[in-house]
Amino acid sequence: MPDAESDLTRRLEEARREGLERVNAARTLADLEEAQIRSLGRKAPLSLARASLRDVAPEARKELGRLANEVHAAVQSAIDRKRLALEAAELDRRWQEEQVDVTLPGDAPPAGSVHPLTRTVYELVDIFIGLGYRLYEGPEIELATYNFDALRTPVEHPSRSPSDTFYIEGRIDQVCLRPHTSPVQIRTMETERPPVYGVMPGRVYRRDAQDATHLAGFTQLEGLAVDEGVTMGDLKGTLVHFARSIFGKTLEVRLRPHFFPFTEPSAELDVQCFVCRGSGAPCRVCKSEGWVEVLGCGMVHPHLLEWVGWDTERYTGFAFGMGIERIAALANGVPDIRYFWENDLRMLRHFVGQP
Amino acid sequence: MRVSLKWLAEYVDVDVDVDRLKDMLDLSGTKVEVVHRPGADVDGIVVAEVLAIHPHPNADTLTLVDVRTSGGEQRVVCGARNFAAGDLVPLATVGSRLPGMKIEERKIRGEISRGMLCSAAELGVSRDHSGILVLPSDAPLGADVTDLLNLDDTILELEVTPNRGDCLGMIGVAREVAALLKTDLRIPDVSLDRAPDVKNDVNVVIEDPTGCPRFFAGLATDVSVAGSPVWLAARLLSAGVRPISNVVDVTNYVMLETGHPVHAYDAALVADRTFVVRRAKPGERLTTLDGVERQLDPEDLLICDPRRPLGLAGVMGGEESEVSDETHEILVEVAHFDPVAITKTSRRHNLRTEASARFEKGADPNGVEYAGHRVLQLLADLAGARVAADDVDEHPRAFEPRSLTLRTARTDRLLGFETPPDEQAALLRSVGFEVREGETLEVTAPSFRPDVEREVDLIEEVARLAGFDRLPETLPPGRAGGLTGEQQAERTIRRLLSGMGLHEAWTPSMMSSRDVDLLELPEEHPGRRLVRLANPITEAEDVMRTTLLPGLLRAVARNAAHHADAIPLYEIARVYDPSDRGDLPEESLALAGAFAGARRSRSWHGEAKEWDFFTVKGILETLFASLRIPNVRFAPVKSMPFHPTRVALLSMGRNVFGMLGEVHPTVCERYGAPERTVAFEIMLAPVLAALPGRPEVEELPRFPSVYLDLAIVVDEMVTAERVGELIEKSGAPEVVSVTLFDVYRGDQVEVGKKSLAYGLELRVGDRTLTDQDAQRVRDRILVVLRERTGAELRA
Numbered sequence: 001m002p003d004a005e006s007d008l009t010r011r012l013e014e015a016r017r018e019g020l021e022r023v024n025a026a027r028t029l030a031d032l033e034e035a036q037i038r039s040l041g042r043k044a045p046l047s048l049a050r051a052s053l054r055d056v057a058p059e060a061r062k063e064l065g066r067l068a069n070e071v072h073a074a075v076q077s078a079i080d081r082k083r084l085a086l087e088a089a090e091l092d093r094r095w096q097e098e099q100v101d102v103t104l105p106g107d108a109p110p111a112g113s114v115h116p117l118t119r120t121v122y123e124l125v126d127i128f129i130g131l132g133y134r135l136y137e138g139p140e141i142e143l144a145t146y147n148f149d150a151l152r153t154p155v156e157h158p159s160r161s162p163s164d165t166f167y168i169e170g171r172i173d174q175v176c177l178r179p180h181t182s183p184v185q186i187r188t189m190e191t192e193r194p195p196v197y198g199v200m201p202g203r204v205y206r207r208d209a210q211d212a213t214h215l216a217g218f219t220q221l222e223g224l225a226v227d228e229g230v231t232m233g234d235l236k237g238t239l240v241h242f243a244r245s246i247f248g249k250t251l252e253v254r255l256r257p258h259f260f261p262f263t264e265p266s267a268e269l270d271v272q273c274f275v276c277r278g279s280g281a282p283c284r285v286c287k288s289e290g291w292v293e294v295l296g297c298g299m300v301h302p303h304l305l306e307w308v309g310w311d312t313e314r315y316t317g318f319a320f321g322m323g324i325e326r327i328a329a330l331a332n333g334v335p336d337i338r339y340f341w342e343n344d345l346r347m348l349r350h351f352v353g354q355p
Numbered sequence: 001m002r003v004s005l006k007w008l009a010e011y012v013d014v015d016v017d018v019d020r021l022k023d024m025l026d027l028s029g030t031k032v033e034v035v036h037r038p039g040a041d042v043d044g045i046v047v048a049e050v051l052a053i054h055p056h057p058n059a060d061t062l063t064l065v066d067v068r069t070s071g072g073e074q075r076v077v078c079g080a081r082n083f084a085a086g087d088l089v090p091l092a093t094v095g096s097r098l099p100g101m102k103i104e105e106r107k108i109r110g111e112i113s114r115g116m117l118c119s120a121a122e123l124g125v126s127r128d129h130s131g132i133l134v135l136p137s138d139a140p141l142g143a144d145v146t147d148l149l150n151l152d153d154t155i156l157e158l159e160v161t162p163n164r165g166d167c168l169g170m171i172g173v174a175r176e177v178a179a180l181l182k183t184d185l186r187i188p189d190v191s192l193d194r195a196p197d198v199k200n201d202v203n204v205v206i207e208d209p210t211g212c213p214r215f216f217a218g219l220a221t222d223v224s225v226a227g228s229p230v231w232l233a234a235r236l237l238s239a240g241v242r243p244i245s246n247v248v249d250v251t252n253y254v255m256l257e258t259g260h261p262v263h264a265y266d267a268a269l270v271a272d273r274t275f276v277v278r279r280a281k282p283g284e285r286l287t288t289l290d291g292v293e294r295q296l297d298p299e300d301l302l303i304c305d306p307r308r309p310l311g312l313a314g315v316m317g318g319e320e321s322e323v324s325d326e327t328h329e330i331l332v333e334v335a336h337f338d339p340v341a342i343t344k345t346s347r348r349h350n351l352r353t354e355a356s357a358r359f360e361k362g363a364d365p366n367g368v369e370y371a372g373h374r375v376l377q378l379l380a381d382l383a384g385a386r387v388a389a390d391d392v393d394e395h396p397r398a399f400e401p402r403s404l405t406l407r408t409a410r411t412d413r414l415l416g417f418e419t420p421p422d423e424q425a426a427l428l429r430s431v432g433f434e435v436r437e438g439e440t441l442e443v444t445a446p447s448f449r450p451d452v453e454r455e456v457d458l459i460e461e462v463a464r465l466a467g468f469d470r471l472p473e474t475l476p477p478g479r480a481g482g483l484t485g486e487q488q489a490e491r492t493i494r495r496l497l498s499g500m501g502l503h504e505a506w507t508p509s510m511m512s513s514r515d516v517d518l519l520e521l522p523e524e525h526p527g528r529r530l531v532r533l534a535n536p537i538t539e540a541e542d543v544m545r546t547t548l549l550p551g552l553l554r555a556v557a558r559n560a561a562h563h564a565d566a567i568p569l570y571e572i573a574r575v576y577d578p579s580d581r582g583d584l585p586e587e588s589l590a591l592a593g594a595f596a597g598a599r600r601s602r603s604w605h606g607e608a609k610e611w612d613f614f615t616v617k618g619i620l621e622t623l624f625a626s627l628r629i630p631n632v633r634f635a636p637v638k639s640m641p642f643h644p645t646r647v648a649l650l651s652m653g654r655n656v657f658g659m660l661g662e663v664h665p666t667v668c669e670r671y672g673a674p675e676r677t678v679a680f681e682i683m684l685a686p687v688l689a690a691l692p693g694r695p696e697v698e699e700l701p702r703f704p705s706v707y708l709d710l711a712i713v714v715d716e717m718v719t720a721e722r723v724g725e726l727i728e729k730s731g732a733p734e735v736v737s738v739t740l741f742d743v744y745r746g747d748q749v750e751v752g753k754k755s756l757a758y759g760l761e762l763r764v765g766d767r768t769l770t771d772q773d774a775q776r777v778r779d780r781i782l783v784v785l786r787e788r789t790g791a792e793l794r795a
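Line by line, the protein sequences are chains A and B.
Just so it is clear: in the first sequence, position 114 is 114 by this note's numbering, and no numbers are missing.
Just so it is clear: in the second sequence, position 741 is 741 by this note's numbering, and no numbers are missing.
Please keep in mind that the hints were generated in silico from the structure rather than gathered at the bench.
Be a bit skeptical, because a hint or two may be false.
Ranges of calculated distance between the beta carbons of each label pair, as one might list FRET restraints [said to hold, decoys possible]: (1) Arg352/B - Glu169/A: 22 to 32 angstroms; (2) Ala685/B - Val102/A: 42 to 52 angstroms; (3) Asp149/A - Gly283/B: 27 to 37 angstroms; (4) Glu610/B - Glu97/A: 30 to 40 angstroms; (5) Val743/B - Asp101/A: 34 to 44 angstroms; (6) Ala108/A - Pro522/B: 37 to 47 angstroms; (7) Arg470/B - Lys287/A: 25 to 35 angstroms; (8) Ala108/A - Ala685/B: 33 to 43 angstroms.
The beta-carbon is built from N, C-alpha and C at its ideal position, and this holds for glycine as well.
Here chain A stands alone, though its shape is the one from the complex:
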């Protein structure tokens, strides 16, 4: 074998060894770039050796050419493999560097709340909207006529006296702060034609001294349904649906006869105590009665329909009224209804989120 050929063979083998060493030694992608240039670049020993192929005998050239290609491919393949490895390592390093403690608190916008009384009103209104009712509101400063006369509370009744009902200065016995939402029944029937299905929330006022169960101002929700053929069974079915929606599907519900001047027959709705379930054990909520009074209701007294000029033979209806504070306290386990009017954020924060 001529010297030139063996020299070239040696140079190619040398290039392979050095190339692989360089690639092997590369620690970064930049190192690898450098190794590529120095192993496979134009001035690299391999390229120079390839250029020397011209100088060897044509019969040996083919064999050496094959060797040169083999060396090139081997180095190139080593570089490719190394690049993948280095890229993976590089990403790995980035992930490590960018790691966060996911248990650190987030950058949260503070959560606000809708007042529990509002939430309760919405919840109740929505139950009746679902039954096809509309929402009506009336004045809080109301004519005594609407508030009492239309509702069968005669002039001499004690609840009309200034010791029980607030009156506006200069208009005692004529204009009062409504002590219940019931006058909205009359106003609604005056402005609508039958049938009427209405739910009427609002603030009401009584002069009872404020204590754990009474506030001078509090909140009620009234319901009214007047149509052809409305029965007391319809009242019961409606209220059972309401009570189970609010207090729970499995509780017993009962109507108990009572008296209100503007309904006849009248009743109170009792729901089985959802704390003790009538077990007879000492119970703070129902005082071990087993039942909790929830609202007053009844069939609309014909006097009201006559007042607004509706035909009492054709139309019958039912009405109900409840204290929102009481319902909200029962439903949310609030120990004292005065909490609702103190606006203490420690209380309000229990109601974060939106209804």
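Fit chain B to the supplied structure of chain A, relying on the hints for placement.
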């Protein structure tokens, strides 16, 4: 109304247990509020005779009492002094039990006490704590007091509704129970032996037949006033009434039994044996049995003799004609009074009595005679009285029982379940109605049911007696419902504000008339037009509020006192204006907010950020943006209760609808709110009126925008709003948005001037704008700004 089951058994046989009876009463409309078992915790209390009372050597308020029982004598220490030697009293011996205590021998201020004398309250029979219960003189010595006073009784405390005065008597309750148990009612026979030689020479003059439609006067002579027998005392105690003397006890007993109040007079103290029923004369006075001298009102109905008032009719008798131990002859009054007159007198004098409670609910006008005879009968039996041969019964206005027609089909239509006509008739008869059956039921209501006025009242009787458990659970026919747009918008506003971290508050609708001064509202401010209450409870709430701010500022103060670090509150509620239009004041919905403390609390993400004018303004801007209400203007203004230079007036077009500002430091201090509390208040009606319909989406731009920045220097007095408007106007149509991104005052700008830097977005619909186009727009804007505001391009 307290109902002893032992007593009730005199009128009706109760063959169900107490729980069942309670349920039946509850579900028929007379709710049992409490079941008392007074004897349950009482054991070993015996009748003892008081032998002697000695002072306690170490305590002025105590005495040493020697008592004797069948088992011997002993000494006890006692704190009461309402008894004397010879009286019979309940003795709790050593080892006996009372509610909540066990009696042991103990030393009281150095003296041994072997047991304890008991009050009615200690025995658990009533709330009467005023002294030792003195027992009737016929009580056997050493007898067990539990048996003697029927303490092993069950007492039902009933809630009697205002329409059911008849259930304020044992017979009325018994009638209900008999109807519920479908058994018979026994009404005591009141036949009595009369003395033919005793003439009833009483005169009754009813001057006010409206106030007193009927007056029965009975006469009993040869009365011996003494203590009542044990059975009578025990029954009164079961009803919570303290026994006094046989005569007084009989009147109370008959009231409790019949529900009809009764009054007894010492005949010797009624001048001319003449009763006059009339209204009071101006200036007249009367000392009632409770020892209070009362100034009478010309509307008060009185029982008088020809000389003077004897008592407040239907409420309380007078002291001067009271029955005493010397009384020999008794006049018995059983009258019917107008419920309204009694209610008014009772309220006017703040005097609620057993009698007034019954007359207010309407006593039985036809029950007068029965009650009168019952009293006379018992006086004869228990006080040895001889009853006059006849009675006086003045009833200038006879009571006509009410006749009604009941269509039984109407009952079924109203209730939603069927009750056969004969069952409806039977139910009505069971509670005392007379019924004639035919096509319809012709019904006569008993005189003790004045509440039954029309057909529907009869339907109620049928319903409650048939039982509400027979009602089906159905739903009415129904119609389309839903919330109006405005009602939904009110909910949306709450959700948006709470979603931005605010907490909704509910504060009282009333405020103090002083609040408008605390806020220093100017004289002509509409918030000073107050709807005043005629009868406020307190000065702190004597007017209807014209602004939500006082309530919110107080809520802020309360939370600040609890060291809340962030206090963002809002409220949506009505404010009130004494409008000249219409019958009633005007009520409008307002939205207000009050903010103190941290907007963002300190955290590892950064320092705390406090609420300030601009963070609150931002809340409102996002609210209006979310409601898609454009063009809300914030204009400078000067107005209390705000910081004079940090307050803005909110308007839409010409419509001013609110204010936003830092609350004036003086006002903050007055309400106890932290300094730099920020607040706003807006009227909601204009906002709801401005709500747009559904959004209409336009074609998206096909050519890109170009952006350029513009920094100018203007005088301090030139507002950002003014500059922004000029840029928008002069930049039109290419300028599509203007954002102020920097406000600078300092070294690089002259004193009294500020630099404003804006980012502008330019775009047209038909081509891409070039740099030259942008330059031209910028020059156009600068010319206008220079001309109108003296602005210079910032170097």
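Hint numbers contradicted by this structure: Violated hints: none; all satisfied.
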